[in-house]
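Participant: Based on the provided sequences and hints, a complete structural model is requested.
Using our numbering, read the sequence shown as starting at 454 and increasing by one per residue.
Just so you know, the hints here were simulated from the structure itself, not pulled from any lab data.
Nothing here was measured: the structure is a model prediction, and the numbers come from that model.
Among the clues, some could well be false.
[What the hints assert, rightly or not] Capping the alpha-carbon separation at 25 Å, the derived lysine to aspartate or glutamate pairs in DMTMM-like fashion look like this:
| id | residue 1 | residue 2 |
| --- | --- | --- |
| 1 | K481 | D509 |
| 2 | K556 | E502 |
| 3 | K491 | D517 |
| 4 | K508 | D498 |
| 5 | K505 | E562 |
| 6 | K531 | D517 |
| 7 | K556 | D509 |
| 8 | K553 | D533 |
| 9 | K531 | E515 |
| 10 | K505 | D517 |
| 11 | K556 | E499 |
| 12 | K505 | E515 |
| 13 | K491 | E522 |
| 14 | K531 | D498 |
| 15 | K505 | E555 |
| 16 | K501 | D533 |
| 17 | K531 | D492 |
| 18 | K505 | D533 |
| 19 | K560 | E502 |
| 20 | K501 | E562 |
| 21 | K508 | E562 |
| 22 | K556 | E515 |
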Amino acid sequence: MIWFWCNRVQQVQYTLGLLFKKSCSSTKTLPVLTLFTKDLCPLCDEAKEVLKPLKDRFILQEVDITLPENSAWYDRYKFDIPVFHLNGQFLMMHRVNFSKLEKQLRKLEQQT
454 MIWFWCNRVQ QVQYTLGLLF KKSCSSTKTL PVLTLFTKDL CPLCDEAKEV LKPLKDRFIL
514 QEVDITLPEN SAWYDRYKFD IPVFHLNGQF LMMHRVNFSK LEKQLRKLEQ QT
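Facilitator: Here is the structure:
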C-alpha cells in the first residue's frame with residue numbers, strides 16, 4: 454500500500470512538472486511577422502505557402518495596403534508587395550528569403 458501511494462505521488466509530481474514547464478514555455482511572446490499584401494497578389498500567396506514550415510515561430514499579421522486606413526503603406530509599398538516586417542522592422546520584400554527569416558527568428562529566440 455505504501456509503495457502504491459509513493460508511486461502515485463511521484464506520478465503526480467512528474468505530471469505537475471510537465472504542466473508547469475508547458476505553461477511557462479507557452480507564455481513566451483512570439484515575434485510578429487507583418488505581411489503587407491493585397492487581394493489578387495500571387496507573390497503574396499506564394500510567400501504565405503513558403504512561410505508555413507515556420508508558422509509556429511511567429512505571429513503572422515497581414516496588412517491589406519488597399520484599405521483606406523492603410524493608405525500610408527499603400528503609398529510606400531504599392532509596387533513592392535509582398536513586404537515583410539519583423540517586430541516592426543523592415544525585413545525583406547518581393548519573395549521570402551527563408552534563410553534570412555530563419556536567422557532573424559533564431560536571433561530573437563536566443564534573446565528570450
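Participant: Are any of the numbered hints broken by this structure? If so, which, sorted upward?
Facilitator: none
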